[in-house]
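Residue numbers (this note's numbering), protein chains in the order written: chain A, 1 to 413; chain B, 1001 to 1330; chain C, 2001 to 2251.
No lab work stands behind these hints: they were computed from the structure.
Hints should not be assumed to be uniformly reliable.
Claimed, not checked - Across the chosen pairs, the derived CB separations fall in these ranges:
{"id": "1", "chain 1": "A", "residue 1": "G216", "chain 2": "B", "residue 2": "I1304", "range": "46 to 52 Å"}
{"id": "2", "chain 1": "B", "residue 1": "I1304", "chain 2": "A", "residue 2": "V43", "range": "26 to 32 Å"}
{"id": "3", "chain 1": "A", "residue 1": "N207", "chain 2": "B", "residue 2": "A1300", "range": "54 to 60 Å"}
The model shown is predicted, which means the values in this text are computed figures rather than measured ones.
Built from N, CA and C at the ideal position, the CB exists for glycine as well.
Residues per chain are reported as follows:
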Amino acid sequence: MDRRTFLFAGGSLAASIPLSGSWMARAQGEPIRIGLMAPLTGVVASGGREMVDGFQMYFAEKGGLIAGRPVEIIVEDDGANPDIALQKARRLVEQAKVHLLFGNLLANTGLAVANYVESTGTPYFIPIIAADDLTQRHRISNVIRVAGYSASHFPRPLADWALAQGWRKAATISQDYTFGHEQCGGFSQVFRAGGGEVIGQFWHPLNTSDFSSYLGQLAGLGVDVIFAMETGADATRFMQQYRDFGLKGNIPLIGAMNMTDQSVIRTMGDEVEGIVSAAHFAEGSTVPATQEFVARYEAAYKNLPSLYGFAMYSGAMWIDEALKSIDGDISDTGAFLAAVSKTELTGSPLGTAVKLDDYGNPIYDVVIRSLRKRPDGRFWNEPIAEYPAVSQFWTYDPEEYLRQPAFSRDYQG
Amino acid sequence: MTASLSSDSAAAAGDLSTSRVGKAATVSVLLGALVLAALPMVLPNYQVSVLTEVLIFAVLAMSIDMLAGYAGRTSLCHGAIFGTATYMTIWLAQDGSSIAVAMIAGVLMATMLAAVFGMLAIRTSGVYFLLLTLALGMVVWGICLRWTSVTGGENGLRGPGRPEFLNDHVSFYYVVFVCVALITLAMWRIVRSPFGLTMRGIRDSESRMQALGYNVPLHMFAAFTISGFFAGMAGALYAVFNNFVSPSAVALVLSVEGLLMTIVGGVGTLFGGFIGAAAIIALENVVSLYTERWQSVLGAVFIIIMIFAPDGVLGRLKDGFGKWTSRSSR
Amino acid sequence: MQDYFRLENVTVQFGALVAVDAVSMAIRSGERRAIIGPNGAGKTTLFNAMTGVVRPTQGRVLFDGNDISRAPVHKRSAMGISRTFQITNLFPRLSVAENVLLAMLGHTPRKFALATLPTLNPDEAERGAAALEMTGLGNRRHSVVTELSYGEQRQLELAMALATQPRILLLDEPAAGLSPRERVIVSDIIRALPRDLTLILIEHDMDIVMNLVDYITVLNNGKLLVEASPEKIKNNTDVQDVYLGRGGQDA
């Protein structure tokens, strides 16, 4: 194969990591080929690389084996572009003959690939792709969100927590695209239902460099709290300018988990302190399983793990566990997918058991996290509250919930 | 003198027509078609789908070449026209229209858009034409990105899948092959027609064309619309090929890529579109196996072509052949 | 029947500059007229007003009794007003034959044909061939324009203007930039034009002018200075002052 294929041969890459011997013993036969797609070029390339890191870390720890069979990972750059993602998915399925596909970061790349695998039946796992409808209104049986989340999933408990702080007036600001519309929709819907008021919603183009006009308007609304949904460089700039504009300390800032993710805050300083978000994972958690994972990841990559690394690591584990339950036999796709759906992931860095709901989205114990400074001066997300067993449908009846339209700029719950 | 003029008028008429196609050209085109027809029998499945893509993009490149090579106008909105057909096709198909109806509507929509753009752009030339078409293309991109309720925003639209009999790559390839062959033949006829000669005349001198009685804006409008019609055909085929559309199908990058294919193949050669599309899609596919920086490699290749074969690959081949047209083999 | 080409009080103004100032003239059918004057006298602007490249700021242009002041270039061309350009204006990447072909198709609806080859009917073919023969390009029809000498390019200008069978032909310095030998060729070509073809000529070469035309209009500073026969112009002192040079008998 080409040089970007990673074939893990018997523990060569992870000699220091203890292997579970019983699986080693059954290492035999044809490798299981996994097509891993991530944006390695383009605006979200850093996140894409962390996806690859997290995924490879898992198999490095397992000695390059999945359910006792060697694993071959073929990495492709989706260029953060749906047409390229589609082309790469085609190449992986039709030329490289992978058994399953994994990855993609941006929703549009994931949706393009999902649409393609709908016709081929190739199992496709999306720990990062958060587009609500892939586990809601437009489910595809062979597309499963192992170790992932839907976009509107976590902002709901965050809205509930905000109401519990006594905040009644909120405003949202977000990048103007579906991922933002869905997160803000989840927040607004729960916040309003709980008696709160969403006074203003601001949508700005991706790659906004100057937030002053938005911040000026936000400051004048007289709200109790601001919910922000930003990714990448926009997140960095927004949080910096929030401080520079004098809003930090005056209006509490809460946000989407991707805004306060390690991939964003790693290089930032005091301006991020105290920003609250909600997620399934918090690298600053005291749960032993999480601490061990963070330590191993730090040792391997010299960084605290981001959601990308964590989610891909957990996704890899999920598939490994599912395959073990069917003795590594991937030949029957239907049985394999059923095994994935049935798998209850117990060993993940979260330290708690995770399983999928009836719609293919995991149910998590969601933590409310606040950015705190570690003794070494770096910031991380520390849990300050917990909502057990939160489904993507929050407290609503799924059937009823799905009758409402998908979130958009125009529909916010 | 008078004798030769009156006695042999048929020969004179022949003499005044445009240069005829040389044997070498005919043989090359037939050979190329034969290779394209035979390739799916030897290529693995995935490569067949790549080859399908090459054919579709060759049509886009040729539609750009119609304007750039024959009418002397370099368009940066043909990607948007192409993608408009893709959007329309998918949008109708996901709503339950038959794929044929959806494609025809897509082509019509693209043609109408081209007609509107044509009306706005035809009075400009050179860098103004370039910038105006760029801006028009960006408008389409902006609409596709923002009009979420119809276009699905940046997530795009997912199609219903190809009809059953087109599901395997090889049969789909042959359907596209036949379509593209017919489209190419039509374009070939057009650039060789009086209308094609008119476009070349406008490219060389607009003021002279006017003095000769040509309504230059009207001809440019027709040329732009016809070119958009073909770009739309490529877009409709692309819709069936990809079964998915997102704003990247109307993005500037696509217009630039199409133009690049035209330039690499050879501006004003028409068939160069096939060479350009093949070269660039092959580069994307092969180079991206080895490096994430395939776009840089693409840039470097483009620069090399600009330096060593400014007339494009086919232009270079033609020069090398020398005896391409009857003009030189007279 | 008399074809009249008439200018009535034609003024062409570019901003503050009055390039053509209230010029009136009448040209008879079959007449050969020269427009002369020093550089900047407004000769080419007047041509442009006649052919429609510029619209007169004031005044009217009439052709065969019709007011064509606002008709665009291609419409005037279709009426039979044909011109050559002072600065060679051909289709440099096309062959001589294709240049003539374009000239001849310009007045036929076949120029819009999409699916046929550009061909001519026998009548047209004969006319095209005749135009090429007349201008001495009969054996150059397959050459690309850029392969022609400058003189041959000027000849092609004439051939294209002639091939359309114009009712009136406007020649803008047909001999500009030519060698003495080439000038003779060009003036021979012009002299050999059918006698019934109305001709308007801008030219600096007085030998050509004096030998070719019936009547001369002299422009100066955009204004009509004098209109008269060549002999009278030769002896007109005003003209000598502004154009031929003080005291000069033969320029």
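Hints, verified against the model:
1. In this structure, G216 (chain A) and I1304 (chain B) meet the distance hint of 46 to 52 Å, their C-beta atoms being roughly 50 Å apart.
2. Between I1304 (chain B) and V43 (chain A) the Cβ separation comes to about 28 Å, which falls inside the hinted range of 26 to 32 Å.
3. At roughly 27 Å, the beta-carbon separation of N207 (chain A) and A1300 (chain B) lies outside the given 54 to 60 Å, and the hint is violated.
Checked against the numbered hints listed earlier, the structure breaks hint 3 alone; every other hint is satisfied.
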